[in-house]
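Engineer: For reference, the chains in residue letters:
2 protein chains.
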Amino acid sequence: MKIHIVKIGGHLINDCKSLHDSLEAFCQLKGYKILIHGGGRKADFLSKKMGIFPKMVQGRRITNKETLDIVVMTYAGIINKNIVARLQSYHCNALGLCGADGNCIKSYLRKMTNIDYGYVGDINVKSINTHLIKFLLKNNIIPVLCSITHNGIGNLLNTNADTIAAYLAMSLSKDKEKDCEVEVELHFCFEKKGVLRDLQDSESYLKKINFHLFQKMKQNHTITNGMIPKLENAFFALKNGVSKVSIGHPNHLNDVNKTMLCL
Amino acid sequence: MKIHIVKIGGHLINDCKSLHDSLEAFCQLKGYKILIHGGGRKADFLSKKMGIFPKMVQGRRITNKETLDIVVMTYAGIINKNIVARLQSYHCNALGLCGADGNCIKSYLRKMTNIDYGYVGDINVKSINTHLIKFLLKNNIIPVLCSITHNGIGNLLNTNADTIAAYLAMSLSKDKEKDCEVEVELHFCFEKKGVLRDLQDSESYLKKINFHLFQKMKQNHTITNGMIPKLENAFFALKNGVSKVSIGHPNHLNDVNKTMLCL
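Going down the list, the protein sequences come from chains Z and F. Count the first sequence with my numbering and you get residues 1 to 263, in order. Count the second sequence with my numbering and you get residues 1 to 263, in order.
The set of hints was computed from the structure by calculation and includes no laboratory data. The structure displayed is predicted, hence computed values, not measured ones. Take these hints with a grain of salt, some might be off.
Quick look at which bits of chain Z chain F covers, simulated, 3 or more residues with Cβ under 8 Å [unchecked claim]: (1) 66-74; (2) 88-101; (3) 130-142; (4) 146-155.
Straight line, CA to CA, 30 Å or less: simulated DSS-like cross-link-like pairs of lysine-lysine [as the list claims (entries may be wrong)]: (5) Z:LYS55 to F:LYS65; (6) Z:LYS138 to F:LYS176; (7) Z:LYS42 to F:LYS48; (8) F:LYS55 to Z:LYS42.
Built from N, CA and C at the ideal position, the CB exists for glycine as well.
Extracted from the complex, chain Z is given alone in its bound form:
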């Protein structure tokens, strides 16, 4: 059983044409597939319109009650349902889910250390209801997951979409299907062609990156900001049983023009 997991984020979601192109590319993937999305900037836009200003620490949003409501509305509401409606128009039988739906992702409130992240949910391999996900896939339903989870006692929590993608890929990889391995390919898609050797040159993407090179590029500041946790999630997945992990543009989901991760 082979499953493609595609995470889309960044500018792809903000721009209508980019989003539709990404969804068309996703539809063209053969076999079982799952889509995961966040939607950060739309939530920022909505917050500002309502006079609430998002607070970020180390690239992560601080989620108070008002902000939680906004991310739920944005991620699970407008973004998720518009993606599903668009995929349906491409005859791709999508079904949108947040982590509470069918108890598909159960998280726990992040423990307070020096920073109080608020209503943020952390997950582990046990968090994912792989039974439900595989049940939907086998019945020709394509799960479209947003980055909202729940804690099982009635609260929704905000969880990083890259982290969900990584844990979902690992959890499905660990499952066995009637003595047959589950092979998972995880694709992190964004507006760039891959991990860039030179940030000023959009064509300078690496064909391959291993963990050692990642560490080196982090030290010399070629890899910075949001790319660091994204690659950390990606390597974590690769080290934990996921068959293939790539980073690149959705236009190249179906070819080799992207950055492949190797150990």
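Please build the complex by placing chain F on the supplied structure of chain Z, with the hints as guidance.
Structural biologist: Just chain F, lined up with the frame of chain Z:
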């Protein structure tokens, strides 16, 4: 096969305690069940906060693009997902859906007559994907439907929740299950005990109402405003194969203290 369909609306959704009590009562219903909700006033509140003022004509919202975004965020986002998270905490395996999810309710844009309702979707018996709904029920998943539908060509539309409840009940009633009839009980729940004989006396609910009495009470203005389309939907369902239709408070879902409709 017996299915309970419960529609909750009105003040039940605005008030947190009423909503939680309604969900507890819903959980106590035995057997197959489906929940449907709207959420009008939350959308109004959010609109105003964003400087957009809702326009109503004959009790129906005029849905321009901005208003559509707000109802999608509110109904499919914050209300639907909070209901699902709460039901999960009661060990009720809920899964939230809008009409685009799994193509479960396909609507068509309301034809413009003297009023342009905007992004409003009308439905008929063929609109409902009963196959998906029954598939979920049989796999111990409880569908929680919000009143957002899609037109199959990528657009979300706003549809009246009472109308969805009525058509869903009729569509499921018309289905046969391996030569066995599907018996549907439809419950319209709101903050009152039923159809009131005297609007000033909350205890004056009718135990029974037939279509003739409804017409009479409409003429003498005992039944007014939003109760008229609600009862029209309810009688329409009863005339089209639904076994039982009731109107009342969710606290009495499991007993006889409500208004039962009869032909």
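Engineer: Could you tell me which of the numbered hints above are not met by this structure, giving the numbers in increasing order?
Structural biologist: Violated hints: none at all, because every hint is consistent with the structure.
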